[in-house]
Amino acid sequence: MSNLFTSALSAMNAAQTGMATTQHNIANASTPGFTRQAVVTNSNAGQQTDGGFVGSGVNVSGVKRIYDQYLTNQVRLEQTQSNYLSTYHGSMTQIDNLIADPTAGASPAMQDFFNALNGVANNPESIPARQTLLGTSQFVVNRFQAIDQRLTDIADGLNGQITRSIGTVNNYAQQIATLNGNIKRAIANGQGQMPNDLLDQRDQVINQLNQEIKVSVQTQPDGSANVYVGNGQTLVIDEKSMTLGAVRSETDPSKLDIIYRNGNNTTLLQQSGLQGGNLGAYLAFRDQSLEPARNALGRVAMGLATKMNEQNQMGLDLSGAAGGNIFNVGAPRVETGIKNTGTAVASATISDVTQLTTSDYQLRYDGATYSMVRLSDNTSTNVGTALLPPTDVTMDGFTFSVSAGAIKGDTFLIRPTADGARDIRVAMSNPANIAAAAPVRSNADLTNTGSGIISAPVVTSGLPLNANLQSPVTLTFNTPPTTYSLTSTTVAIGADIATVPPTSNVTVSSTANMVVGGSVTGGGFPAGTTIGSITNGTTFVAQMPIGGSNTAVPKTGQTLAADYTYTPPSTDISYNGWTAQISGTPAAGDVFTVVANTNAPGDNRNALLLSGMQNQNLMAGGTTTFQGIYGQLVGEIGSKTHELAVTSQAQISMTAQSIAQQQAVAGVNLDEEAANLMLYQRAYQAAAKAMQVANTMFDALMAIGG
Amino acid sequence: MRVSSNMLFDSNVAAMTQQQARLMQTQQQVSTGRKILTASDDPVAAARALDVTQSDAMNTQYAANRGAARHTLSLAESTLQGVTSLLQDVKTATVNAGNGSLNASDRRTMATDLSGRLQELTGLANSTDGVGNFLFAGFQSKTTPFVSTAAGMAYFGDDGQRNVQVSATRQMPSSGNGADMFMRIKNGNGTFVAQAAAANTGNGIIGSGAISNPALLTGDSYTIAYNGPASANGGNVGTGGVNAGTGVISTPTVVTPASVTGLDYQVAFNDIATQAAPVNTGTVATPATVITPASVTGHGYSVTLGAGGYSVTDLTTNTVLAPAAVTVVGVAPAAQTVDFDGIQLSINGAVLNDTFSVMAPTYNVTELPAGRNTQAITSLDFSAVNGTFDVDGTTVTLNVAYNETTLVGAIQAGLGASYTVTSKGTVAATNFSVTIERVSTGAASASVVVANSTNVPGMVDSLGTAGGASVATHQAYVSGQPINFGGMQFNIQNGPNPGDSFVVSSPGYTVTNNTTLATIPATGRTLYVAGQQTNFDIDGIRIDIQGAPAVGDTFTVSPSINESVFKTLADLITALNAPVVGASLTNSLNHGLAQLDTALNNVLTTRSSLGLRLNEIDALQTAGEDLGLQFKQTLSELQDVDYNQSISDLVRQQTNLQAAQQTFSKVAGLSLFDYI
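Chains as they are written, first to last, in the working numbering: chain V, 978 to 1683; chain D, 1376 to 2051.
Simulated from the structure, these hints should not be mistaken for lab results. In this text the structure is predicted, and so the values were computed from the model without any measurement. Every clue listed holds true.
Chain D regions said to be covered by chain V (calculated; three or more residues, Cβ under 8 Å):
#: 1; region: 1382-1392
#: 2; region: 1438-1444
#: 3; region: 1514-1524
#: 4; region: 1529-1535
#: 5; region: 1923-1937
These stretches of chain V come out as covered by chain D in the derived footprint (C-beta under 8 Å, 3 or more residues):
#: 6; region: 1069-1075
#: 7; region: 1418-1432
#: 8; region: 1574-1588
#: 9; region: 1648-1660
The beta-carbon is built from N, C-alpha and C at its ideal position, and this holds for glycine as well.
Using the sequences provided together with the hints, build the complete structure.
Next up, the structure:
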């Protein structure tokens, strides 16, 4: 009989446990991280009778989580990647719209600038047109600065986000350590029963940590979980948690680096090791998109400003003076590594804007050699040795030098274009200073009898301009007019010959016909040196002044040109840094002159050259235009954003799928629980009925006895 | 598959969120009308849209540039229209001015009118664009280009030409310079100009000339000089070109036009012949020696040894010279000299009553061959350093002090073997002269120019070798008696010395190449017959001169040079104000008319070029508009929303979302708990 009672009681107990567990499941159906639980029962061993073994009820052996470690890990993997991509995408959209916007980007400002240049070319005398150009210059500058400022704001915001993210990570690490302790003790106390809800909590915290930073988890036999980040740095071990920190970057103090603290030791976590989670996204966005975008924008600003300045310097302004700078151009940013132990100082200047890239560069000294690493593709170039530190080494459009005193391990970060957009300024305040005119003009003498014409001279000398560019040059056609002679009053002398004693004569060659008795200018001749005798096609004798100092070193020049040949229908003549073309049929004695283009407010040749630069492939090694490199920036940002939009969306789907799979195992289905509830209810009722039956039997038995 | 209740909600919410996001994107596209809201929507199209936007903006800018160019070109065109009608008016006035019935006062009125026109033209040439920039000043647009100076109208602009970027590949000149428009107008026919000298007094009217053979053109200038008969002292090689005697030649006159030859002649005096009478015992040396050339009279004499000595009778005047005028040295019959009137007779063995005749001088007339060119050197300092003179284009440099001998050597060395250099006299005696004679009789000799100055007057005489045809020999010379040959008549008076000579030139004209100094004809002159048209063809140039040029008139043919339209007008005004001498007015008016035609042509050419450019602008405008349309279309394709597509998308997405929402509420509402 007792057997009947105990068996029914065990069944009622089991049903009660089942109902409690089902209720627990229903209660926690919406608890994040909750894993459904199930009661584990087994039948009690039967009592041996002559009729065999008779069952003695059910035993609740435990409550287990319906949990799949593989699926949980899978969810973590997908989740951290999903957060990484979504956060990266979210960050990218901030700059995506800013740069390509047809009204707010730099593109319309540049177009306005060139339109205003065309206006100056159309009306070089017009002060209003010139003023408009200065106004649009300011507009361009404002646009570059505004976009750069926005990028800086975003970078500053990122630093805050990184700091906050690290705080969260540390907080979670702490929670996990605490939970580890609880779980360990619960297992020990529970005689092997698992503290299911604590485990769920810990899994949930790990999941949340994993969304900030990619982690790997190793569960220990005692139930504690060790958490690793980066390249295997332990974040949590047993009940102890380590911390991460954000510090000013050693190589680039404007940004934060992530360090790992273990007691007093700190380790730098490389960005490459932090590939998932929000933190990874912040770092990747900053290093792979934001700063390159700033560099690219700086390159556009530097290219435009420098090229405009150069061309303006090759013209004459409204007052006839040589043109100056339209813009102030930023300089490369050079950061000394904060861990540098040496005293060396690095410096860099832009040497050729057309060759600039958008990359940053790191100069490293390993104690023997200096190497320059282009960070965009990690190409390393040896640029100096311990004995010969790099001095005026040029690569990719900039020139750098390092002073002595570097010690092994020292690094310098060179960002050639990082400040280009920030530091561009309008240098010109007077609209008359825009150099619309070319420096020289040509004239045919009014008394010429031939029909020869001379084209407007084109400046072929680069900067610095030929010193004699504006020297008056006279071309006189000989008899017969198949040759012409060239007279220039100024003669430049080239390189050294030798030191000669004062008062003696020295024979040098000149570049042109010269007047005997004329003075020799330049070339290191003492003042008062005159041209003694001269033969066309040969050299001239310079008479050194009596008492002249022999510290001055006369220099050789080119051979005095013989008469120039004129070949109909046209012949180019290049001289003093300009080129003009004579065409037609000049007559003997016809005279053409090339003179300084003073008092020429109506000349727009240089303005045409300035405005024509819009179409020229001046940037990126002469492969594209200003607009082209800006478009490249827009394209890069757009396609990166687009790529992230697509991949993050895909990742979200995959994550959702993983979660669905995981939840398919571990999630609570209320219908199922309702069914279970009914099941256990029925079981209970049945057991109770058995109890009743036993009782009735017992009563019957008693009645027999009584 | 087992479904967790949370997943049912989560996945549905996620799906609806996504659908909402898409719906919002589509809605934004529809409301902005743009397909690309951010670069990431379509990075390739976004970058391309930037490019196309720039191209489109540039295209629009080119249209603005074309507007600017059109404005400037139209201004220039309308100014030049004014210039055209002004020049046409001036042309009409010039043609009227040639009307013979006008008197000086009428012409002065016309001149005043033209002065006004000149002012007007200057004003047009100095036109501005309305904001103070001169249209025709080249690059120097703030400088008044045309300013009247003492030397005529001067141009203060330059040759600059402003270009405007009227399309991506075309820079169009939008301005012209004033020099090309008003200053660079080639005079004459563009190759050469034929003009009458201002001082001409005759009626010769020179035509504009024509090019008869372009291959022969030299680019040299030529002078056509009309000369009457002329005569000159000197020219004898033997005397260094200097006549020793006192003979004076009159200017020849043409007495028989039909006999005029055009040649030059030399009248050379022969030695003074002497003769002893057949009965004489004594003899006389012949010819007589001239000891004082200035005293030579040119008369014949009879010298008779009488009892009282020699008596000398001047046969021309038939008078006996005063005994004092006769100097006798020596005693007869021994050798004696008898001096009178500058002549010395050497008589030997004369006895009483012996008579000796001294012949009156005779002269020969010879046609002068080519190459004669005599030029007196008024002052040549042979002792000076650094003297130079030219013979036939060869420069002789004298740069040290010379004596008679070294000077000849230096000149000979300078000129070479083609010349013979001789000298006469001594430097100290100031009767020194050098003769330079060309050995060959090639081309005409050139001028002899002497630089530097002071001391010794002399003559460098560069002569061709004698050898022309003889016209007459041993003509008796009678002072003052008319001499006739070659249709000319003249006389020589006083006492020419033996060896003296005179040059007589026929009337006619010569054409001299001013560069090579060659003359046509090489010697003498081309016969000119009054009233006859002069025309000749030289070095590919054909020239005709109508009417009758006066003696001394010259005409020039020179390579065309630039003559400003202002100068043409100013010259016309001057000509109209000046008194009419011969054909001077006609020549000036003809020249002026030709110039006006050229100037007008120049302006019309410029105008047509302006018109062509305006046409081109119109064409470019059309092309630019097409291009703009194309850009806009491309841009639209790149970034504009396709409303059909988008609205259909919108409706579809809306429907989907609605369906999701409705089914969700149904699915979410299902629960077993409802049934227990």
